[in-house]
Amino acid sequence: MALVDNVLFFWVSQATFLNASSLLHKILSKQQQKKISLGNGGYVPPKSPTEVEAWLCEDKPMIEEELNKQNNLLAQLHRKATAITDAGGDATCLDSQLWGVQTAITALKRRMKAVAEPTPSSTSPSTSDRPCVEMFEEKQLMAVQSMLRQDILDEKRRIARLCWKLRSANGVCVHEVPCSTPAPFSPSHRAKDEDSEEVWRERCELEEAARAALIAEIVRLRNDCANLRAKIEYCGQQQVSASTRF
Numbered sequence: 025m026a027l028v029d030n031v032l033f034f035w036v037s038q039a040t041f042l043n044a045s046s047l048l049h050k051i052l053s054k055q056q057q058k059k060i061s062l063g064n065g066g067y068v069p070p071k072s073p074t075e076v077e078a079w080l081c082e083d084k085p086m087i088e089e090e091l092n093k094q095n096n097l098l099a100q101l102h103r104k105a106t107a108i109t110d111a112g113g114d115a116t117c118l119d120s121q122l123w124g125v126q127t128a129i130t131a132l133k134r135r136m137k138a139v140a141e142p143t144p145s146s147t148s149p150s151t152s153d154r155p156c157v158e159m160f161e162e163k164q165l166m167a168v169q170s171m172l173r174q175d176i177l178d179e180k181r182r183i184a185r186l187c188w189k190l191r192s193a194n195g196v197c198v199h200e201v202p203c204s205t206p207a208p209f210s211p212s213h214r215a216k217d218e219d220s221e222e223v224w225r226e227r228c229e230l231e232e233a234a235r236a237a238l239i240a241e242i243v244r245l246r247n248d249c250a251n252l253r254a255k256i257e258y259c260g261q262q263q264v265s266a267s268t269r270f
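Each residue of the sequence shown is one higher than the one before, starting from 25 at the first, in this note's numbering.
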């Protein structure tokens, strides 16, 4: 009797497993038919910048899907660069990869715009796929971002060293203070300390305001320099393409 029960349990379990497997297979088949990015039953990774440049696709959903992949890859690279920087490492090794992904994103956005708003036949695909000045501006802004990330890391290290020195100095002062109780401050001394504290507070506020204005000016000048470098690089690229045309 126990053997019969075991056999029945085995066959019921087997049938349940087969039904569940069949249902799961149908669900996965429907999902694979809906997803454009699934080719031969597997995930298609984002294209490389050279593949995006040579990709002559005019299907808007496919372009949108590839653009989403490139945006996700860019966000992942930014998180990786931030993690490397926070750990005290050098994230400049990712700059070329970030620039390549950003270039691919810009090219896909331009292609999607061209598909949504068809241009006259006079503009050939070769001219529309050429790098524009915005791509070089993005490259220079990414370089500024990398430089600022390194500056922030250096400032964090400098602050950590100063905090360590302050703790060491406080420890030395605690050990050197005599055990005798200090004499109470007179009202004149207390008033003088309050006045000096107010003076230092005002000076600190003035310094903070001057620092904020200086930072804003530095940011503006860095953006201007990045735009100028981008225009110089773009003009150089245009001259090279013009010289190779003849």
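Read the hints as simulated data drawn from the structure, not as lab findings. Be aware that a few hints might be false.
In silico lysine-lysine, DSSO-like type, Cα no more than 30 Å apart, as pairs [to be verified]:
(1) Lys137 <-> Lys180
(2) Lys84 <-> Lys133
(3) Lys180 <-> Lys71
(4) Lys133 <-> Lys71
(5) Lys104 <-> Lys93
(6) Lys104 <-> Lys180
(7) Lys93 <-> Lys133
(8) Lys133 <-> Lys255
(9) Lys71 <-> Lys104
Quick list of the computed label-pair ranges, beta carbon to beta carbon [what the hints assert, rightly or not]:
(10) Ile183 <-> Lys137: 15 to 25 Å
(11) Ser192 <-> Arg227: 46 to 56 Å
(12) Lys84 <-> Arg181: 46 to 56 Å
(13) Ala233 <-> Asn194: 23 to 33 Å
(14) Leu172 <-> Glu221: 41 to 51 Å
(15) Ile256 <-> Ser72: 45 to 55 Å
(16) Ser72 <-> Asn251: 25 to 35 Å
(17) Ala111 <-> Glu75: 29 to 39 Å
(18) Lys84 <-> Lys189: 53 to 63 Å
Just so it is clear, CB atoms sit at the ideal spot from N, CA and C, and this is done for glycine as well.
Taking the hints in turn, this is what the structure says about them:
1. Lys137 <-> Lys180: violated (43 Å)
2. Lys84 <-> Lys133: holds (11 Å)
3. Lys180 <-> Lys71: Not OK: Lys180 and Lys71 at ~37 Å, beyond 30 Å, violated.
4. Lys133 <-> Lys71: Measuring from Cα to Cα gives roughly 15 Å; hence the hint holds.
5. Lys104 <-> Lys93: holds (16 Å)
6. Lys104 <-> Lys180: OK: Lys104 and Lys180 at ~19 Å, within 30 Å.
7. Lys93 <-> Lys133: Distance ~13 Å between Lys93 and Lys133 Cα, so the pair holds.
8. Lys133 <-> Lys255: holds (21 Å)
9. Lys71 <-> Lys104: holds (19 Å)
10. Ile183 <-> Lys137: 15 to 25 Å: For Lys137 against Ile183, whose Cβ atoms are near 45 Å apart, the range 15 to 25 Å is violated.
11. Ser192 <-> Arg227: 46 to 56 Å: Violated, since Ser192 and Arg227 (Cβ atoms, about 27 Å apart) do not stay within the stated range.
12. Lys84 <-> Arg181: 46 to 56 Å: Given about 48 Å between the Cβ atoms, the range holds.
13. Ala233 <-> Asn194: 23 to 33 Å: holds (30 Å)
14. Leu172 <-> Glu221: 41 to 51 Å: violated (35 Å)
15. Ile256 <-> Ser72: 45 to 55 Å: violated (27 Å)
16. Ser72 <-> Asn251: 25 to 35 Å: holds (28 Å)
17. Ala111 <-> Glu75: 29 to 39 Å: Holds, at about 32 Å.
18. Lys84 <-> Lys189: 53 to 63 Å: holds (60 Å)
When the structure is compared with the earlier hints, violations turn up for hints 1, 3, 10, 11, 14, 15 and for no others.
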